[in-house]
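**Q** Could you put the whole structure together from the sequences, leaning on the hints where they help?
Residues per chain are reported as follows:
Protein chains: 2
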Amino acid sequence: MADKKLVEAITSMEEDFAQWYTDVVKKAELIEYSTVKGCIILKPAGYALWENIQRELDRRFKETGVENVYMPMVIPEGLLQKEKDHVEGFAPEVAWVTYGGGEQLEERLCIRPTSETLFCDFYKNEIHSYRDLPKVYNQWCSVFRWEKTTRPFLRSREFLWQEGHTMHETAEDAENRTVQMLNVYADFCKEYLAIPTIRGKKTDKEKFAGAVATYTIEAMMHDGKALQSGTSHNFGDGFAKAFGIQFTGRDNKLHTPHQTSWGLSTRIIGAMIMVHGDNSGLVLPPRIAPTQVVIIPIQQKKDGVLDAARALQEKLSDFRVKLDDSDRSPGFKFAEQEMRGFPLRVEIGPKDMEAGNCVVVRRDTREKFTVAQAELHDFVEKMLDTIHNDMYERAKKHLEENIFPAVTYDEFCDAINNKPGFVKAMWCGDVECENKIKEDTTATSRCMPFNDQEPISDRCVCCGKPAKHLVYWGKAY
Amino acid sequence: MADKKLVEAITSMEEDFAQWYTDVVKKAELIEYSTVKGCIILKPAGYALWENIQRELDRRFKETGVENVYMPMVIPEGLLQKEKDHVEGFAPEVAWVTYGGGEQLEERLCIRPTSETLFCDFYKNEIHSYRDLPKVYNQWCSVFRWEKTTRPFLRSREFLWQEGHTMHETAEDAENRTVQMLNVYADFCKEYLAIPTIRGKKTDKEKFAGAVATYTIEAMMHDGKALQSGTSHNFGDGFAKAFGIQFTGRDNKLHTPHQTSWGLSTRIIGAMIMVHGDNSGLVLPPRIAPTQVVIIPIQQKKDGVLDAARALQEKLSDFRVKLDDSDRSPGFKFAEQEMRGFPLRVEIGPKDMEAGNCVVVRRDTREKFTVAQAELHDFVEKMLDTIHNDMYERAKKHLEENIFPAVTYDEFCDAINNKPGFVKAMWCGDVECENKIKEDTTATSRCMPFNDQEPISDRCVCCGKPAKHLVYWGKAY
Chain P
1 MADKKLVEAI
11 TSMEEDFAQW
21 YTDVVKKAEL
31 IEYSTVKGCI
41 ILKPAGYALW
51 ENIQRELDRR
61 FKETGVENVY
71 MPMVIPEGLL
81 QKEKDHVEGF
91 APEVAWVTYG
101 GGEQLEERLC
111 IRPTSETLFC
121 DFYKNEIHSY
131 RDLPKVYNQW
141 CSVFRWEKTT
151 RPFLRSREFL
161 WQEGHTMHET
171 AEDAENRTVQ
181 MLNVYADFCK
191 EYLAIPTIRG
201 KKTDKEKFAG
211 AVATYTIEAM
221 MHDGKALQSG
231 TSHNFGDGFA
241 KAFGIQFTGR
251 DNKLHTPHQT
261 SWGLSTRIIG
271 AMIMVHGDNS
281 GLVLPPRIAP
291 TQVVIIPIQQ
301 KKDGVLDAAR
311 ALQEKLSDFR
321 VKLDDSDRSP
331 GFKFAEQEMR
341 GFPLRVEIGP
351 KDMEAGNCVV
361 VRRDTREKFT
371 VAQAELHDFV
381 EKMLDTIHND
391 MYERAKKHLE
401 ENIFPAVTYD
411 EFCDAINNKP
421 GFVKAMWCGD
431 VECENKIKED
441 TTATSRCMPF
451 NDQEPISDRC
461 VCCGKPAKHL
471 VYWGKAY
Chain V
1001 MADKKLVEAI
1011 TSMEEDFAQW
1021 YTDVVKKAEL
1031 IEYSTVKGCI
1041 ILKPAGYALW
1051 ENIQRELDRR
1061 FKETGVENVY
1071 MPMVIPEGLL
1081 QKEKDHVEGF
1091 APEVAWVTYG
1101 GGEQLEERLC
1111 IRPTSETLFC
1121 DFYKNEIHSY
1131 RDLPKVYNQW
1141 CSVFRWEKTT
1151 RPFLRSREFL
1161 WQEGHTMHET
1171 AEDAENRTVQ
1181 MLNVYADFCK
1191 EYLAIPTIRG
1201 KKTDKEKFAG
1211 AVATYTIEAM
1221 MHDGKALQSG
1231 TSHNFGDGFA
1241 KAFGIQFTGR
1251 DNKLHTPHQT
1261 SWGLSTRIIG
1271 AMIMVHGDNS
1281 GLVLPPRIAP
1291 TQVVIIPIQQ
1301 KKDGVLDAAR
1311 ALQEKLSDFR
1321 VKLDDSDRSP
1331 GFKFAEQEMR
1341 GFPLRVEIGP
1351 KDMEAGNCVV
1361 VRRDTREKFT
1371 VAQAELHDFV
1381 EKMLDTIHND
1391 MYERAKKHLE
1401 ENIFPAVTYD
1411 EFCDAINNKP
1421 GFVKAMWCGD
1431 VECENKIKED
1441 TTATSRCMPF
1451 NDQEPISDRC
1461 VCCGKPAKHL
1471 VYWGKAY
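From first to last, the protein sequence lines are chains P and V. Residues in the first sequence are numbered from 1 upward in steps of one, following the numbering used here. Residues in the second sequence are numbered from 1001 upward in steps of one, following the numbering used here.
Rather than coming from a laboratory, the hints here were simulated on the basis of the structure. Keep in mind that the hints are not guaranteed to be accurate.
To be verified - Simulated coverage check for chain V against chain P, where a stretch passes if three residues somewhere in it have a Cβ under 8 Å from a Cβ of chain P:
no.: 1; stretch: 1074 to 1080
no.: 2; stretch: 1102 to 1114
Claimed, not checked - What the simulated footprint calls covered on chain P by chain V, stretch by stretch (three residues with Cβ under 8 Å from a Cβ of chain V suffice, anywhere in the stretch; the number is not a length):
no.: 3; stretch: 27 to 35
no.: 4; stretch: 123 to 137
Each residue gets a CB set at the ideal place from its N, CA and C atoms; glycine is no exception.
**A** And the structure:
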């Protein structure tokens, strides 16, 4: 009965995708809602995902010369206001500290919504000569934005992220770093989370408050909606000028440095769930999975079964392996493995023992394999890679099959309203067309993709004026 | 000239220990002051220490069954007020958020000064049966306390730490976990930071707001002052009762669980600096040192020198090794290695190359060794352990030699005022004696040590009434 309850409790994704998502994050015990409005609690199974993301991404950052630092969590109002576009973008959604130590503050402090201003204030005293450049710093922290509607991982008032903030001698160096970090994100999504993404540039309307250019990786969820999964911004010298940061160049003259920032947050966990999950729950890509293999003994009270299970656990100690020897039924344990998304389960009972075998079941396809115990280690090693690759290929196929070209506005509206996925269409570059499209369809421009593609028309899909850019459009989380 | 400047810039610790400390944290580039009052910026060299502490301590936690979670960074006022002693302890020093999203809040939120209340609020919905116990959760985060006077690492408004919060079926389980985690801290200090500590129990006056018992590890700085380096609290069932947390026990009746919390913060970096540092700067214990070995080429423009240095770097790739091939002078590089506290430097120049040797210099003792290149790897491996052990033994000797017994109040005042270190004296258990001692001498009771020791008198050192406890007293950071 407990088995049934566990399975029945999930809404199917075809019936109600949003409810399916909410069910999965709760039933897989990733999060709990907090009584602190708009904030979530990351439970062990959810936080372990972030720990693994952090470890792997941090390693990749450091390979490119990134160093970690830590800045204060609050920003004095005067500092936030130094860059005009930035304060306009963020002031409406910050939380203000007005009392401290029992007294009203002379100057309000906001909880950081992002830390460009703090980094600039710091760099002002650190950068004097071209010898001090580049500065390639990052911090892992939480930020706070006063969101009105929130959803676990996708949008919450507080969220965990990393924010890189760099300063460079030349505009070219800054542009290169901006693109380099976007590529780090895209590779990380592909190689660690099995998520294919589209790399591209945001339109001016969609770019970050204060940036010259924003680059993005966009992923497609199972329901065809877009999720912006990581962004990298080139600030040019705007912030640096606003903060008066200057350095003596190789020519012995004063110059203003060029700046970037880039961030990836716990949102990516939401992406992973919505790209890979199914109607039995979470499906974790093997490289991030906190438990890669769960061993489930069958008839575990019979002589020798638990010992045999422990021997398999020992054999698999290279992997993140767990033995479930609790007194719950095998059926319950199977359902739990599926709900929690562990990539492989290994079953072993008296019959398998007699034959020197065990049974291995893939979470993603549910395929069953009878494997000789002596070959289990190598089988698991190869199978984890196979699962990763298969998950990536399935997600890639889904992405590619759900990008629909549109030349006329009727085609555009039809596709965006009736087909789950992105629409690929030409655009004149005018924000008014973006606004009209958003009003008519709720879709937004996701990005102008990097990989130069043939224009599919010479006219803007919306106004019919000459087209400047090919754009992917979609409804987004 | 640059070499001289680097060295001259430190105040000697005998002249002014406080200024020496400030000089070291700045010159070793661990921190920068922030324009956000009372907060510091952890620069790469400082944050790398915290990263290493986090990695090692987290590993030790997980070995004892700890799981990591993440709670919101703000606490609604009503939640903070649920436990009477706790709110009295913390309310005066919190920062209050009163506006969010452009509107005044109906209920103020404080930035967490610690998270007992959030964990209790969470556990209330998680714990129903004895099967749900124990819960052994921890989080790595930053907290905020409105301190009036601040010093880098030792006391700042925001600081990084970990806070463990556990719930147990019985009082005994909670007490065992409280002591277990104190021992994890003490072992970590000894084995990773080469810091000897005294383990003991705080007096009621000095215990945590809301705790039944607080245990502490106390370290002695080079100037003889105490630094509380980690604490572990047994809360009994006080918070759980205030929050209405109950579970069905094995007897099928309702019970209240027993709770602990324990924390260690970036303060420990301050301890490490003040236990091991010297007049040339930082001295890093080898296991935490982000750079364990720096290779400095001599006459590096001469043929083959840089290649030889790179070959040594390759040989030492098991360790955290850095090659300094910048165009600064060797003398500058030596001074920098000393200031930054890298445990070993390896010098290699044309003469050494001819002989197949290199020169290895210990940071802690400045001893020089001529080592055959073929033996360098093994030499470094052993030497890093030797340095760790020697640093620990020196610090232990310093601690033991600077604990002074006092039987009369005159002896007590004389020792506490004139000898740098702790005073060991008997106490009646009355808070008024603690208050008088603090008023007269500024010293506080550090702890009642764990290792049962012979009473040194049967009378309280302050009031002369019958003594109940042996106490270590000291002036503290």
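**Q** Cut-off 8 Å, C-beta pairs, minimum 3 residues; does the coverage of the stretch 1074 to 1080 of chain V by chain P stand?
**A** holds (count 4)
**Q** Verify the coverage statement for the stretch 1102 to 1114 of chain V against chain P, using a C-beta to C-beta distance below 8 Å and requiring 3 or more qualifying residues.
**A** Per the Cβ count (4), the hint holds.
**Q** Counting residues of the stretch 27 to 35 of chain P whose CB is closer than 8 Å to a CB in chain V, do you get three or more?
**A** holds (count 3)
**Q** Counting residues of the stretch 123 to 137 of chain P that have a beta-carbon nearer than 8 Å to any beta-carbon of chain V, does the count reach 3?
**A** holds (count 3)
Comparing the model with each numbered hint stated earlier shows that all of them hold.
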